[in-house]
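Peer 1: Protein chains in written order, with our numbering: chain G, 52 to 320; chain X, 88 to 352; chain C, 537 to 847; chain R, 2 to 353; chain Y, 2 to 353.
Source of the hints: derived by calculation from the structure; they are not laboratory data.
Don't take each hint at face value.
Claimed, not checked - Covered by chain C, according to a simulated footprint, are these stretches of chain G (three or more residues, beta-carbon under 8 Å): (1) 154-168; (2) 231-240.
What the hints assert, rightly or not - Short derived list, chain G residues pointing at chain C, Cβ under 10 Å: (3) G100; (4) R101; (5) Q134; (6) N280; (7) N287.
Where is the CB? At the ideal position from N, CA and C, for every residue including glycine.
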Amino acid sequence: MSSTSRLLGACAAPAAAFFSAFWLLPVVRLFALPAEKGWATYFAVLTDGRYLHSLLNTLGLSLAVTLATLVLGGLVGITLARQRFAGKPLLLSLLTLPLSFPGVIIGFFIILLGGRQGLVADVTEWLGLGRTTFAYGLTGLFFGYLYFSLPRAIATYTAAATAMDPQLEEAARSLGASRWRVARDVWIPELAQTTLACGAIVFATSMGAFGTAFTLASKFEVLPITLYNEFTNYANFALAASLSITLGIITWLSLFLARHAAGPAAAGA
Amino acid sequence: MAHPRQIPPLLLALTALVSVFMLAPIALSVLAGLVNNYSTGLASGLTLRWIGEVLDVYGGTVAASLLLALLCVAGSLLLGVPCAYALARSRSRWARLFEELLTLPVAVPGLATALALILAYGQLREFRQSFAFILVGHLVFTLPFMVRTVGAAFRRHELLALEEAARSLGASFGQRFIGVLMPAVLPAIVAGSLMVFTLSVGEFNLTWMLHTPLTRTLPVGLADSYASMRIEIGSAYTLVFLLVILPVLWGLQWLAHLIEKHHGT
Amino acid sequence: QNAICYNCPPEWADWASQIKAIKTKTGITVPPDNKNSGQSLAQMVAEKASPVADVTYLGVTFAIQAQKEGVVTAYKPAGWADIPEGLKDPQGHWFTIHSGTMGFMVNVDALKGKPVPKSWADLLKPDYKGLIGYLDPASAFVGYVGAVAVNQARGGTLDNFTPGIDYFKALQKNEPIVPKQTAYARVLSGEIAILLDYDFNAYRARYKDKANVQFVIPAEGTLVVPYVMSQVANAPHADNAHKVLDFVLSDEGQALWANAYLRPVRANAMPKEIQARFLPASEYARAKTVDYGKMAAVQKGFSDRYLKDVQ
Amino acid sequence: MELERTRVDVIDCAKTYADGTRGLQPTTLSIEPGEVLALLGPSGCGKTTLLRLIAGLETPDAGSRILFGGEDVTALAIERRGIGMVFQHYALFPQMSVAANIGYGLRIRGVPLDEQRRTVGELVDLVRLGGLENKRPAELSGGQRQRVALARAVAVRPRVLLLDEPLTALDAKLKESLRDELAELLRRLHITAIHVTHDQQEALAIADRLAVMQAGRIVQVGDGETLYRRPGHPFVAAFLGRVNTLKRDTQALMRNLLPLGGLLLECPPARAGQSALLVRPEDIEIGPLQSGAGQAVVQRRSFLGDRVQLTLSLTDQALLQAEVPRDHPAQVGDTVGIRIVPERLMPCEEAV
Amino acid sequence: MELERTRVDVIDCAKTYADGTRGLQPTTLSIEPGEVLALLGPSGCGKTTLLRLIAGLETPDAGSRILFGGEDVTALAIERRGIGMVFQHYALFPQMSVAANIGYGLRIRGVPLDEQRRTVGELVDLVRLGGLENKRPAELSGGQRQRVALARAVAVRPRVLLLDEPLTALDAKLKESLRDELAELLRRLHITAIHVTHDQQEALAIADRLAVMQAGRIVQVGDGETLYRRPGHPFVAAFLGRVNTLKRDTQALMRNLLPLGGLLLECPPARAGQSALLVRPEDIEIGPLQSGAGQAVVQRRSFLGDRVQLTLSLTDQALLQAEVPRDHPAQVGDTVGIRIVPERLMPCEEAV
Ligand SMILES: Nc1ncnc2c1ncn2[C@@H]1O[C@H](COP(=O)(O)OP(=O)(O)OP(=O)(O)O)[C@@H](O)[C@H]1O
Ligand SMILES: Nc1ncnc2c1ncn2[C@@H]1O[C@H](COP(=O)(O)OP(=O)(O)OP(=O)(O)O)[C@@H](O)[C@H]1O
Ligand SMILES: [Mg+2]
Ligand SMILES: [Mg+2]
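The whole structure should be built from the sequences, with the hints applied where relevant.
Peer 2: Below, the structure is given as structure tokens:
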């Protein structure tokens with residue numbers, strides 16, 4: 052059946068050619084770049100304290116965001132799946148709207164919320180607590196990342212919880228399980244795959260997020276910003292390439308895990 | 088005494104809180120784009136002045152972004168749909184490897200992809216200074232989404248049977264691809280296009296590096312305005328972004344819904 | 537007809553008016569560009585093989601570096617002779633178009649009744665927590681100028697940045713906002729109450745945008761710095777580049793700078809009524825110059841130290 | 002295992018769903034202690050609705066009452082009704098082993114560990130799953146899963162056992178053998194049980210009594226033989242097995258005769274005035290053409306293994322299906338004699 | 002519709018899948034022109050594999066040959082084999098109307114429009130879908146879909162019609178009525194057809210001949226009655242219907258007798274030397290206890306509608322299942338006489 056494989060080859064050829072020319076070759080070149088400055092450049096992220104610090108910052112922040120997103124997204128997603136009320140489709144569609152926002156907008160939103168003239172500052176001043184601002188620090192980044200991760204988690208959990216077999220819960224209840232036991236013995240195991248897949252994607256997105264951090268111009272340096280600074284402010288291409296490699300490997304690994312551990316739940320992510 | 092269990096009020100409160108967190112900034116920014124002075128708030132009166140100013144300074148970016156996104160959808164359809172078919176049907180190891188490679192641009196930071204493109208093709212001046220350079224970057228980034236979405240549809244069991252049915256009735260490859268497969272994966276194609284469109288319109292990481300002062304897109308303009316303009320202008324610009332993307336989003340969603348209903352799958 | 541200028545942000549130094557004037561007088565469109573000096577330099581280095589930009593506008597030290605990197609070329613525009621020695625590269629790789637004085641641009645309303653700070657030392661007071669902003673000293677020229685200014689004011693020299701670094705360390709307690717690009721609009725909106733910035737931006741805010749903004753020359757002293765322009769080497773539109781450079785040094789161009797409260801490099805261009813809006817000369821007496829060549833030479837060392845110690 | 006035997010009374014129970022669908026019309030039904038009752042009916046007739054009302058998974062309309070052994074449980078949540086339930090797809094907890102699944106209800110109740118272990122062991126033996134205690138549900142066959150689900154439901158010594166189509170998910174061959182096994186087990190447990198199914202063979206094999214439902218109502222309740230032989234309603238007749246419809250014209254009707262291949266069969270007085278009658282394929286006797294028999298021609302002969310199905314054409318009736326033993330000599334094209342014992346004729350209109 | 006009648010020869014056909022699974026052992030099989038052959042067997046036995054080889058959807062191992070009317074089609078792609086195929090889930094084109102689905106093959110062939118319309122109209126009538134021409138598949142019931150799939154497959158006047166479990170997706174009641182309808186239709190079309198199923202009732206009702214498969218091999222080919230009554234293999238016996246296994250000890254074996262409730266039944270010489278024998282439930286006769294009959298006790302009596310199933314315990318055999326007519330008087334606890342016509346005993350070991 053070589054005619055079949057020839058046909059399939061012809062179908063894939065344009066995409067393969069385009070992809071090789073405009074991604075594979077340039078990136079292979081980029082990955083060779085740090086070698087020009089010596090092999091140690093590849094490990095700069097581990098050997099230079101500043102980069103290491105930035106990497107650890109990013110990892111910590113991403114993990115915290117992932118955790119918070121899963122907990123909040125899971126609770127809200129389940130609630131939305133189970134609660135019936137008028138306007139639910141509208142609310143769901145509004146809640147998932149931010150999926151299509153660029154990171155810069157989300158940075159701006161955080162400024163609107165937590166900047167010096169932000170909503171939170173107004174509220175805390177009115178409460179007599181002084182103007183509280185959080186936009187430009189770690190908190191700002193955390194909320195920014197949370198803002199763009201939540202829609203995905205809410206959508207995923209709502210879908211997963213809606214698709215869940217209600218009989219499992221009914222079975223547990225018929226055996227006398229309390230609310231907590233149902234959550235522990237039915238919901239959590241049933242949603243484990245979704246959680247893994249969603250968590251990996253949220254983590255990967257947070258690791259690579261640039262626009263939000265860029266807009267907030269936070270003092271709290273994350274790896275994409277470090278990378279960007281190396282490139283644009285200091286024209287240090289080899290180092291920028293080396294940092295890209297590190298970041299790429301981490302995000303690819305977590306996405307790979309999401310796809311292979313959780314299968315179809317992560318498709319189209 | 089309703090037996091189907093009630094949601095605890097705590098969860099409802101949390102849901103409301105999260106909804107406020109998600110929706111308040113959108114409302115705030117819409118409001119801020121329409122008032123005369125943000126710090127005085129609504130009391131300063133409503134105005135379209137800021138939107139006018141945005142269109143004045145950044146009007147070009149809106150058209151550029153829309154055009155870019157449409158071209159990106161077209162390109163990823165032309166390249167991606169046949170490729171998705173090939174990957175879905177092929178059982179060779181090369182196909183699996185290519186599929187994995189194809190998803191890498193999603194994982195590798197956009198900055199790195201952009202850096203690589205600049206280093207590789209930056210000296211082609213005409214190319215570098217045209218929107219085509221950005222388009223190429225967007226295509227590389229969005230192609231995996233299209234391939235993955237449509238590929239999943241091609242892989243569906245029913246579709247294999249549909250194709251075999253068409254073959255048993257004597258349809259050639261072209262006839263069954265156009266007449267049977269394409270209509271059957273249409274919902275996935277619409278979903279993929281929607282995804283590619285929104286990704287391209289909102290793309291910032293790559294574009295920020297790839298753009299030149301002459302080739303600015305909407306998110307680049309947004310970043311600019313946030314960094315250096317009044318908060319009202321930034322908000323008005325955000326409002327313009329919403330006005331641009333919402334109709335397209337909802338339109339395509341409606342279309343997908345319609346097709347789904349029409350096919351009754 | 538385009539001439540691409542790196543670092544011509546409309547919200548800075550009234551490039552908006554200048555760009556409009558260039559368009560009407562020469563027919564050349566200069567698209568707005570929001571990079572800072574450091575970013576412009578890096579981009580030019582990255583694009584050295586095939587430049588995108590035709591001209592660039594830089595803080596003087598970056599121009600000196602750009603010359604070293606070979607990304608700018610020599611051009612002597614009309615009016616070259618009027619530029620004082622020391623404010624231009626003898627071959628014409630860069631030349632000053634205007635200068636500014638570093639100080640505090642203060643949005644008095646945003647202080648909400650707190651006193652306007654008068655000195656570098658004032659800024660360290662807890663009163664000003666969350667109110668201060670400065671541009672990244674490791675990247676933006678204006679940031680570096682501020683750093684050099686405070687370093688000199690607190691007893692340091694170009695060979696000894698320790699007082700400056702210590703100052704920034706101390707300033708972190710007040711949780712400053714550190715943008716990478718010009719933040720003029722954020723001061724106007726009150727997002728940043730006190731920004732380390734030039735006099736011209738403060739005057740523009742006060743007189744043109746009618747904001748309650750004051751400019752403060754700190755009691756311990758400050759710095760005057762020239763801003764320069766260059767033609768990019770292998771510029772794609774070299775002819776247009778020349779026209780732009782000629783225009784910014786023309787009487788008309790220089791008058792525009794003066795109207796925007798920038799001290800034009802050609803001294804005859806400053807009108808009386810504009811001069812009257814500046815702070816009195818006695819205040820400006822505290823503004824010093826430095827050896828800009830040396831300032832450029834030690835910049836990398838400072839940046840590294842700042843990144844390591846302050847961030 | 003000693004299980005309680007509870008009487009269940011459903012009194013004027015009705016269910017209207019939120020969208021206005023009337024899932025169950027007001028229904029009254031009693032199940033005797035220890036009895037196995039089958040709810041039988043076509044898809045959408047309300048079987049599951051009734052079962053879930055008894056379980057406490059749905060709230061009935063106002064005025065409905067459900068009693069377990071005389072105690073009103075209408076307002077009690079499912080957790081406290083003391084029922085055991087077996088679901089169509091078993092709803093086993095996928096992450097737990099067979100033993101953990103069976104012991105789940107006991108763990109919930111905080112039963113001491115060694116008693117848990119003893120009960121689980123007893124049940125594992127009862128449903129013959131010895132050796133599989135540590136497997137997970139995904140590693141079991143359909144029949145084994147079904148037995149785990151049953152053991153899990155009875156482990157908590159429920160007052161009433163509810164089964165919603167517990168055999169539907171199995172393939173035909175397995176279903177047949179598990180049907181007998183389930184019947185056997187229910188009889189051994191001697192527990193009050195309600196079994197939902199749409200398969201009449203299954204209902205006949207398992208239940209003591211059948212309640213046949215149609216469009217939200219119970220049409221007839223009784224034991225299998227009664228329903229099969231003396232259905233009170235043509236729907237019940239057709240649902241419990243194949244039937245042929247026989248017509249008669251006004252003349253025959255007036256004389257209470259039935260035309261059958263030229264013969265005029267005299268019908269029992271009870272059938273008088275009914276213009277159409279029903280007869281089951283196995284009640285049509287096919288023999289040699291002789292007096293006292295109608296005349297029919299064999300159109301088709303299908304060998305079905307244990308019996309042969311004949312399609313017969315008669316001059317005065319539509320095509321009839323008859324089932325004869327497999328060694329029957331009739332061949333396609335043969336002209337044969339046809340006889341029906343008049344007592345086997347069933348009414349085609351609703352008996353009032 | 003006039004359809005071609007083509008003979009199909011499968012010669013030494015085998016299939017090894019890419020992963021090494023032997024989907025089909027070398028197989029030789031002929032289907033006569035106009036014959037309906039059923040491929041019958043349990044899941045995974047290779048039925049679909051054989052069908053797909055004939056269709057041209059899989060490439061057979063080297064050395065295999067497939068002939069359609071004497072023409073070697075082994076190397077021909079499915080598009081040019083001239084087959085019609087009906088798939089398990091019908092594979093109807095969802096976006097096309099019923100008429101467009103049926104006419105698809107004709108459109109592909111560029112048949113003139115009015116001829117297309119005529120043929121489609123004819124087929125719509127044939128499968129009784131009049132009035133539904135403009136509906137979409139999603140709006141049809143399972144049975145209607147199945148008929149559209151059939152019409153679509155025969156519209157192109159295929160040489161051979163291939164059906165892969167076309168009734169499996171339907172529910173039990175519908176399946177039974179469609180089974181007869183499909184049998185009728187195939188006979189009317191008189192086309193060479195191969196029908197894959199795992200349901201013996203379906204195979205018996207539809208096919209002229211059955212090929213029973215097991216583990217990639219055809220075990221026996223023949224018409225239904227032969228396979229049911231004289232299975233060449235215990236697997237065939239068990240697959241086509243229920244069987245009881247009867248054991249005999251060495252002594253009985255030596256004298257070719259079978260112990261049956263105290264009686265020693267004399268077996269036909271053909272059964273000599275076989276230590277276990279099979280008998281179908283309906284071949285066990287139950288009557289009053291009398292001489293010439295063994296003795297058995299009724300353990301369980303299940304009323305199954307058209308017949309009654311008795312579970313019998315004997316002193317010298319394991320529990321036996323017998324099926325008797327529904328009016329049989331035996332009750333649980335009765336001691337009854339049991340008889341088996343010796344010719345009805347079937348071998349339990351493979352006949353060589
Ligand atoms: N949650 C619900 N909301 C609205 N209508 C419902 C709901 N559940 C069932 N119904 C409707 O109530 C009627 C009875 O449904 P029920 O599930 O009791 O039928 P069933 O006899 O169990 O059918 P099946 O054999 O298909 O399981 C049906 O018309 C069904 O559509
Ligand atoms: N594409 C394939 N690759 C590898 N093995 C296969 C493939 N298709 C089928 N098999 C294997 O070949 C054997 C025969 O499969 P086949 O599908 O022909 O069985 P079947 O009789 O049709 O079963 P069913 O009744 O379940 O449809 C099985 O062991 C199956 O696992
Ligand atoms: Mg039901
Ligand atoms: Mg199969």
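Peer 1: Hint by hint, note whether the structure agrees.
Peer 2: Hints, one by one, checked against the model:
1. 154-168: Since three or more residues must qualify, the claim that chain C covers the segment 154-168 of chain G holds, with 4 doing so at under 8 Å.
2. 231-240: violated (count 0)
3. G100: Where the cut-off is 10 Å and the nearest Cβ of chain C is about 8 Å from G:G100, the hint holds.
4. R101: Because about 6 Å separates G:R101 from the closest Cβ in chain C, which is inside the 10 Å limit, the hint holds.
5. Q134: violated (39 Å)
6. N280: holds (7 Å)
7. N287: Hint on G:N287: holds, closest Cβ of chain C at ~9 Å, below 10 Å.
In this structure, the hints that do not hold are numbers 2, 5, in rising order.
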